[in-house]
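*Asks:* As a plain string of letters, each chain reads:
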Amino acid sequence: MTPGPASLLAAQVRAGERSAQEVVQRHLDALARIDPELHAFVTVLEDQALAAAAAVDTVVAAGRDPGPLAGVPVAVKDNMCTRGVRTTCSSRILEHWHPPYDATVVERLAAAGAVVIGKTNLDEFAMGSSTENSAFGPTRNPHDPSRVPGGSSGGSAAAVAAGLAPLGLGSDTGGSIRQPAALCGVVGMKPTYGTVSRYGLVAFASSLDQIGPFARTVSDAALLFDVIGGHDPMDSTSLDRPPPRTASVTGDGVDGCRVGVVRELYEDAEPAVRAAVSAAAESLARVGAVIEECSIPEVRHALPAYYLLAPAEASSNLARYDGVRYGLRVDAPDVESMNAATRAAGFGAEVKRRVMLGTYALSAGYYDAYYGQAQKVRTLIIDAFKRAYEQVDALLGATTPTTAFAIGDRVQDPWAMYLSDVFSVPSNLSGDPAVSVPFGSDDAGLPIGVQVLAPALGEPMVVRVGAVLEAAAPTLGQPRLADRALLAGSWEPS
Amino acid sequence: MGERLTREDAAYVARLARIQLSEEELDRYAEQLADVLEHAAAVAALDTEGVRPTSHPLPLRNVMRRDEVWPCLDRDVVLAEAPAAEDGRFRVPRILGEPL
Numbered sequence: 002m003t004p005g006p007a008s009l010l011a012a013q014v015r016a017g018e019r020s021a022q023e024v025v026q027r028h029l030d031a032l033a034r035i036d037p038e039l040h041a042f043v044t045v046l047e048d049q050a051l052a053a054a055a056a057v058d059t060v061v062a063a064g065r066d067p068g069p070l071a072g073v074p075v076a077v078k079d080n081m082c083t084r085g086v087r088t089t090c091s092s093r094i095l096e097h098w099h100p101p102y103d104a105t106v107v108e109r110l111a112a113a114g115a116v117v118i119g120k121t122n123l124d125e126f127a128m129g130s131s132t133e134n135s136a137f138g139p140t141r142n143p144h145d146p147s148r149v150p151g152g153s154s155g156g157s158a159a160a161v162a163a164g165l166a167p168l169g170l171g172s173d174t175g176g177s178i179r180q181p182a183a184l185c186g187v188v189g190m191k192p193t194y195g196t197v198s199r200y201g202l203v204a205f206a207s208s209l210d211q212i213g214p215f216a217r218t219v220s221d222a223a224l225l226f227d228v229i230g231g232h233d234p235m236d237s238t239s240l241d242r243p244p245p246r247t248a249s250v251t252g253d254g255v256d257g258c259r260v261g262v263v264r265e266l267y268e269d270a271e272p273a274v275r276a277a278v279s280a281a282a283e284s285l286a287r288v289g290a291v292i293e294e295c296s297i298p299e300v301r302h303a304l305p306a307y308y309l310l311a312p313a314e315a316s317s318n319l320a321r322y323d324g325v326r327y328g329l330r331v332d333a334p335d336v337e338s339m340n341a342a343t344r345a346a347g348f349g350a351e352v353k354r355r356v357m358l359g360t361y362a363l364s365a366g367y368y369d370a371y372y373g374q375a376q377k378v379r380t381l382i383i384d385a386f387k388r389a390y391e392q393v394d395a396l397l398g399a400t401t402p403t404t405a406f407a408i409g410d411r412v413q414d415p416w417a418m419y420l421s422d423v424f425s426v427p428s429n430l431s432g433d434p435a436v437s438v439p440f441g442s443d444d445a446g447l448p449i450g451v452q453v454l455a456p457a458l459g460e461p462m463v464v465r466v467g468a469v470l471e472a473a474a475p476t477l478g479q480p481r482l483a484d485r486a487l488l489a490g491s492w493e494p495s
Numbered sequence: 464m465g466e467r468l469t470r471e472d473a474a475y476v477a478r479l480a481r482i483q484l485s486e487e488e489l490d491r492y493a494e495q496l497a498d499v500l501e502h503a504a505a506v507a508a509l510d511t512e513g514v515r516p517t518s519h520p521l522p523l524r525n526v527m528r529r530d531e532v533w534p535c536l537d538r539d540v541v542l543a544e545a546p547a548a549e550d551g552r553f554r555v556p557r558i559l560g561e562p563l
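Sequence order for the protein chains is X and A.
Numbered according to our numbering, the first sequence terminates at residue 495, and the numbering increases by one at each position without gaps.
Numbered according to our numbering, the second sequence terminates at residue 563, and the numbering increases by one at each position without gaps.
Pulled out of the complex, with its shape left as it was, chain A reads as follows (with noise of 0.2 Å):
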């Protein structure tokens, strides 16, 4: 399946991700993710002409329901678990890029 796996390649998903890597586990990921895709490029070379793709193991149709108001989770309960919460909500860090 075409070249292999590089360690720009590597670095590209890895911002994709979200993953922040040191140069040493992108080194070591590098080499460790192209082997496997030379394993997995086995499926890359069937002929599959035709062949129509599975997302899923059942027939899955949307489910509808009755549009009933149920109990939900408390506000609190669920902000309790958050690494940090104000007034009611999450709180992050600056999400924009600008400068304030």
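For reference, chain X alone in the conformation it holds in the complex (with noise of 0.2 Å):
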């Protein structure tokens, strides 16, 4: 299979065909061009970048390993922590927030050569579809500016898709790697709860938040994602062994697999986007894979659980902004209308919204009734989808209910901007990986998402599923943000 722009950047950069600082110094003049209409990025990450590409060359120069993703540009979503450069969360109580240590995901791109060229865009505290809920204002979709990139990793699918940079990373609670990178036309994977750390990723919902990769294609995301999993001491729900290996694997097909096609994940959605699912599921047939039609009813509670489960972590999570140890503080006379005045002035109306939604649903009297419910409710998904995954080896859906909506469109309204997350959610309650792989476009050139999702630890099946999809996939059309050079992977040296 052909590999994918990071890794094509990477073996130049190992082979002395390119610079790591020429790689990075172009990226960077592309973003400079481009992101002040995208805002992809909060914080650009220009002297440090240059300087890391320049240690990558010296390690080149000397004849030492550089790492497998040497001089590679990657897109960091600003939840993650990054020693003395500031991560927002893009909200105003974390605004001037520099966290004296690296997440543990930063480390690793770093050991692997690669270079972080920026802080991206998101929800506040990750919580949103769209990205409008950032403090610093919306992203936009590379393929139509007047819509949303998706949320909440929406800067990290955006400069991905704009090729502003080759990799991202980004955080994934309950679809928030995954829609994005179906809006934004890219590959997004939400691995296995526990294969990556989370050390150092500030917290959102702690039983449902993953991080994982977004990038071009399905070989160059399994390639960031064999980079960044595996076993951290400093993260107590890291799984105790190895992850599965992913790039090596990516390119062995679906002859023999058992594919089922899941009701629940696509017949609720947009015409173009059911037809997407039908035809995905027909090129999975033509190489060998054996498709089965199936239905999971339990699938369709899993909007309304994580609606519950998600908020009722998140105001125990966020209950750490009090203007005591870091942060915005509001002055008060005394403590606690310090606490509620520094609140109230540094989160966002989301947010607001899913702190109270989440005490609400832990208060006494109505615990046992939404909370405890919606854990029992968990219980029932993961048992579906176990009974499935005795029938297949793995599910197919689609990603998102619809293409990219107009920026504004449901900002007045959560419940319907919560349903742009339907066939998200049930992966992170059941902890399972899953991949979406751009298939094809609607009748305005919006790209289509198609889901793959397995059982825990299938990692190496969702990139072979998602590798088969990719290559059968309808060419979508070029973003109208971005560099199209940088997307060819032809430029000169500057």
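Everything labelled a hint here was simulated from the structure, so no lab data went into it.
Remember, predicted model here, so these are calculated numbers, not experimental data.
Treat the hints with caution; some may be incorrect.
What the hints assert, rightly or not - Simulated restraints on C-beta separations:
1. A:E501 - X:R264: 22 to 30 Å
2. A:A548 - X:R34: 38 to 46 Å
3. A:V532 - X:Q49: 48 to 56 Å
4. A:P534 - X:G257: 49 to 57 Å
5. X:D335 - A:S485: 33 to 41 Å
6. A:D539 - X:D253: 39 to 47 Å
7. A:D490 - X:V250: 53 to 61 Å
Note that beta-carbon positions come from the ideal geometry of N, C-alpha and C, so glycine has one too.
Since each chain sits alone in its own frame, please combine them into the complex, following the hints.
*Replies:* Written out as structure tokens, the structure is:
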């Protein structure tokens, strides 16, 4: 199979054909030209990125191994800690916070020779599906700047789609990697819970949060997953065994694989999306997969259960923003009114709604009816997936019910916004891996994503199926906001 | 699921969550939260008799490590991010309710 742009760049840097500094400078130039309109980035790390690239070049010149991602620019969602570089979560409350340590994934990127070129925009504290909940303004969809890029990791998705970085990191609590990947026409993977360390990821809903890769090809996403995955003693929920390797099996094909097309994961989608799922299933059948229609009715309960569980966990996790140890403080005569004034000024509307919703779901008299009940429904969903995987190796559905919607369309109606996640939250509740792969576009040329799901530690299966779909997918039009030369992988040294 | 969330309920959870709200915000959030809860009530109606709750996708156990001394973050580095610090500690306004 053809190598992706990240893999190609790393090979060129490792072979000394291009310098890491040239690669990084070229991407920074594109960023400076395109990002004022795109607004994918909250903070650009020009000096640090060029210094890191110079260090990679020194290693190459010395004949040592610069790592599998040598010189590859990476766009990192701004809810992952970067030492000495502000990490805002796109929130006023952390606008000027400089973490004193790096997230484990950031350390692993550096160890692999990758270069973080900037921190990307998100819905505040990763709560949202459009990146409109950023305190710093929305990110635009590269395919249509009047539309949202999805969210919450909309900045990373848009940056990768526009060519500003071949790789990105996002976090996925209810679809926050896969949904923007689908809306921006890139690949996004949510790995199995526990395979990628969450140390240094600002917590939203700890039993659901998972860091994962964005890339323009499935093989590049696999390469990045292999770099960031693995046990970390600093994360008590990190799996104590190595995650499966994925880059080496991406091209293995699906001959004989049994793939279930899940009715509940596409039938309420708009017609173009449903058609894409059917075409995707047919393309798998053509290369030897055994396709079965299936139904997992419990999946229908995932969205309401999620919107009780995630806010409940968030209300607890966000209690730490109290104006005492870091972040914003609004002065008041006593500590309780200082807390309340600080949180009123520091949190945006969606964060306030979710914290209040979660507080309600956990409060005396409602705990059993809401939170406790949602936890039991989570068990029903997990058991239903287990039964499905007794019959098939992977599941197929749509990533999102619609293509990218217009900026402003859903901000007044929280439930309408939450419906964007209806096909993605089941995998967060189950903890299983899933990948979104671009599969054509609608009549307006907006990208459509299809989703491949597998049981826990089934990353090899999702990338194999994903790569076959990628090869069969109809060609997607070029994004309007993009660096065409970088997307094509061909540019002259500056 | 029972009665619709009221403005008083919203004011109560805002107080529990330590979020100061204006009257206008309270009106708006009370409506929006009530709407979301009506959708969420779909799960409340399901029969889950005998189903165990899941708090976490992994079978979690306490993680033990050797009791070894590691370097940790320098106190001054940590306090540098605090809104107010004094004598190596976080400085906060009055905590107790009684008059000084």
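*Asks:* Going back to the hint list, which numbers does this structure go against?
*Replies:* 3, 5, 6
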